[in-house]
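Participant: Residues per chain, in single letters:
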Amino acid sequence: MTETLASGQLLFAALATGASYALVALGLNLVYATMRLLNVAHGDIVMLGGYAAYWCVSLAGIPPLASLAGIALVGALLGMGAYRGLFRRMLARSRAAARLESNSLLLFFGLSIIVQNAAALAFTATPRGYQTLTEVLHFGDVALTGNRLAALLVAAALLAAIVAFLKLHVFGLAMRGLIDHREAAAVVGVDVDRVQLACFALGFGSAAVAGALLSMTEQVSPFMGFPFTVAAFVVVILGGLGSIGGGIAGAFVLGALETYGVALTSASYRSILLYGMFVLVLVTRPHGLFGRRSIVR
Amino acid sequence: MNLLEVESVSKRYGGVQALHEVSFGIAAGAVVGIMGANGAGKTTLFSLVAGNERPSSGDIRLRGRSIVGRRPDEICRRGVARTFQIVRPFAGLSVLENVTIAALFGAGQHASHGRAAGAARHVLGEIGLGDRADAPAGSLTLSGQKRLEIARAIATGAGFIMLDEVMAGLTPPEVEELLAAIREIRRERGLTLLVIEHVVRVLMQLCDEVLVLHLGRLIAQGSPAGVAADPAVLRAYFGAES
Amino acid sequence: MRSHRDLCVLLAVMALAALLPAAAGEYWVGIGISLAMWIALTQSWSVLSALSGYVSLGHVVFYGLGAYVVVASWNALPLAAALPLAALAAAAFAFLAGWPVLRVRGPYFVILSLGVAELVKFVVIAVEAGQGNASRLILDTPDLNTIYYLMLGLAALATLIAWGARITRLGHGLRAIREDEEAAETLGVPVARYKLTAFVVSAAVPGAVGGVMALRATYFEPLQVFDPMVSFSMIAMSIIGGSDDLRGPVVGAAALTLLSELLWANAPELYMMVLGVLLVAFVLFVPEGICGRLLAARPATR
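Chains as they are written, first to last, in numbering that gives the first Met the number 0: chain C, 0 to 296; chain R, 0 to 241; chain V, 0 to 301.
In isolation and in its complexed conformation, chain C is listed as follows (with noise of 0.2 Å):
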C-alpha cells in the first residue's frame, strides 16, 4: 500500500486537483475578498466554462487549448457585467447590516439555481465529454494522457502569471492594497470602482478557464458546479482570505487530502472528506473569514 501510496501517479493526481482548485480559488478569492459577499454562484461559473469549452470542441472543432483565451475573455465579461449590472448595488446595500449578508448569500443562491437549471435545461442533465490529447505520455513509473498533462501546466502557468501580476504589476498591487483595506486604498489614490471591476474580470475569467481545463479530463455536467464552490470556499479559508499565496498553497493541500485519503480509503469517500473538511474549518472559525474585525467569542 504504501507504494501505491508514494506513487508518481497519484502525486499528479494530487498536483493536478490541487493546480484546478487553487484556480477555481484565486477567482473566488479576487471576487469574495473585494465584495466581501459569499457568492455561492462561483463553481457555475466553472460549469459554464466546460459546456463553452465542450461546445466550440463540438460544434466548431476548436480544440480546447485553443478556445481557451476566448473563454477567459468571454468569463471576464461575464464577471464585469455582473458587477456592474448586480454587485456593485448589492454593495452598496450590504453595509448597513449583516443580516443583508445573509440575504445577499440568498440571493445567490437563486442565481445559482436559475443557472445550473437553465443549464439543465438547455443542454439536459446528461453528463458530456470529449476527447483530446489523449496519447499516453511515460515518464518513469508515471503513464499520462496527455490531456491532463497539459491541463496541469496550463493551469500552473496562468497561476503563475497572476501571482506576478499581483506582485509586480500596478494594478496588481492596487487589488491587494483592496482586498486587505478597502478604506485605506481609496484614501491613497486607488479607483476603488475600476478595480473591483477588474477583480471580477480576473476571478470569473479564471474560474472559466479552470471550467475549460476540467473539460479536458472530466465530464460537464449542469449541476458539478457546487463542490467546486465548496472546495473554493475551504481553500480561501484554509489560506486566509485574500491571500493568494495561502490560497493556492490551501488548495493544495485540499487536493492532497482529497487524492490521499480516497486512496487510503474510497472513491465514494470523496464527497465525505470534501464535505468534512468544509464544516470543519467553518466551525473552527466561528468567526468567519475576518477575524481581524470581529470579536472572537
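Hints in this document: simulated from the structure, not taken from any laboratory.
For every residue, glycine included, the Cβ atom is placed at its ideal position computed from N, Cα and C.
Among the hints, erroneous ones may be present.
[Claimed, not checked] Just some of the chain R residues that point at chain V, by a computed CB distance under 8 Å:
#1 ASN51
#2 ASP72
#3 LEU103
Given the structure of chain C, go ahead and fit chains R and V onto it with the hints provided.
Facilitator: The following block gives chains R and V in isolation, referenced to the frame of chain C:
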C-alpha cells in the same frame, strides 16, 4: 465591600496592550467617571466588566464574587448593564419592544411580556421617550437612540449601570436635559454609575470620583477637582513642561 | 391579539381540510399531502430562521434523518413508535450539531448548514453502501388517506409550535437576537440557550414529516431524500409568503404548490428556475413577503 472591584486587569489584543494592570473599586451608590483620550482603554474596560470580552489577566468582582468568564447575559442578570458607545438599537423593533426586552430578560426578570412592557413604558417616560414608544427604533434621531440605550440599561433593573459617552454628539441644551434626567433616575432608583465622558463639565457635575486612563493605564484617581489639577493628568493631556 | 386570531383561522382551515378525502379523489389528496408537508416544514423552519435570523439552508437534513429512521426501523418498530422516534432522532441531531454550528454567524451559518446537510447525506450513502443497500424499499405502508391525516396533523402541530414560539419569551428573545445578537446578550437574553432551543424545536417536526413521506414513497434513496432543493424550497416559501407572519408559510406553500402542479410534470427544471427567479425577486423587491405587503396598510400590533 465594594460593589465592583477591578483587580490588576489587563487586556491584550494580539500586539496591542489595551489595558495594563488597572485596579480600582466602586462603592455602592457612587457615581464614578472615567476620562481619557481615545484608545485609552475605556470602552474595553466596559466590555470586560459586562462580559462581552475576557480579561487577559486579573480579576473582576461584583459584590465579592468573581464574574470573569461569565457570559454577558449572566452578568446582566446579576445586576450589571451597559450602553454601547456606538448605539446598537434593535432597529427593526419598536422603541417600546426594545426596552421591554431589557425588562423581560434583565436582572428585574419580569414574569410576563405584559408586565415587562408596563415597566418599559415607565422607564421611557422617565427618559423622555414616552411619546415615541410605538415608533421603530431605527427611526429615532441620534439623541433619541442614545436615550434608548440608557432606557434599555435602566429597564434591565440593574443596580450598576455603565454609560459610555452618552452625551457625545448632543447639543448643550440636550446635554443639560439628559443630565437632569439621569440624575433624577439615579436618585430614584439608588443606582451606582460608571460613566465614560469626554464632556468634562458632565464629569465634574455628575461624578463623586474620576478615574483617568491613559494608554491603558490608570494614571489618576480622585475627586473631579483633584484630578483636574493632577500633574500626571496634565502631562498626559498637554505634554511635559520642558 | 392578531396572532391568536391568525392561529384560530389557520387551525379552522386545517380542520376543514380534514374533510378532503371524503370530498375528492386521490389526485387531490395527493396535492393535499404535498401542501400539508410544505406547511409543516416551512412553519418549523421559520421557528429557527425567521425568528432568529439564522437562515438554515440545510434543514432537509432533519427530514432525511426522519425518513431514514422510519425506513430502517420498519420491520422492527410499529409506526406509532417509529414516527416519534424519527422526530426525536432529528431533534437529537439538532441538539448535538447545534453546539458547534450555532457559534457561526450570518452567511457563514447559512453555508455551514448546507455543508452539514450534504455531509450527512454522503455519510448515510456510505453507511448504506457498507450494508449493501443502494436504496431501500418498504412494504405494507398505510393508505393514502391515513398518510394525509398524519401530514395534516403535522401541519397543524407545526403551526401551533410556530405560534407558541412567537408569543413566548423565546420568541421575543429570538427577535432581539436577530436584530443584534451581542446587544441582546448584554441585556440578559440567554443567547446560546435560545438559539439551541429554536434549533432543536425546528428540527423535530421535519423529522416526523420525513418519516411520513417515506411511507408515501415506500422507497428510500439517500441521494434523493437529502435533496438540497427541499431546504431551498422551505426558504423560498417562507420569504415569498412572508417570514414575519404566522400565515406566511401557509401562503407561500400554497402559492408554490400550485406553481409546481402546473410546471413540475413537464419541466421540473423550469419550476426550479421560476422558484429561483421568485426568490431573487422577493429578496430584492418584496422582502416582507406577500403577508408583509398585505399588512403594509394596517399598523402592526404585536
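Participant: Out of the numbered hints, which ones does the structure contradict?
Facilitator: none
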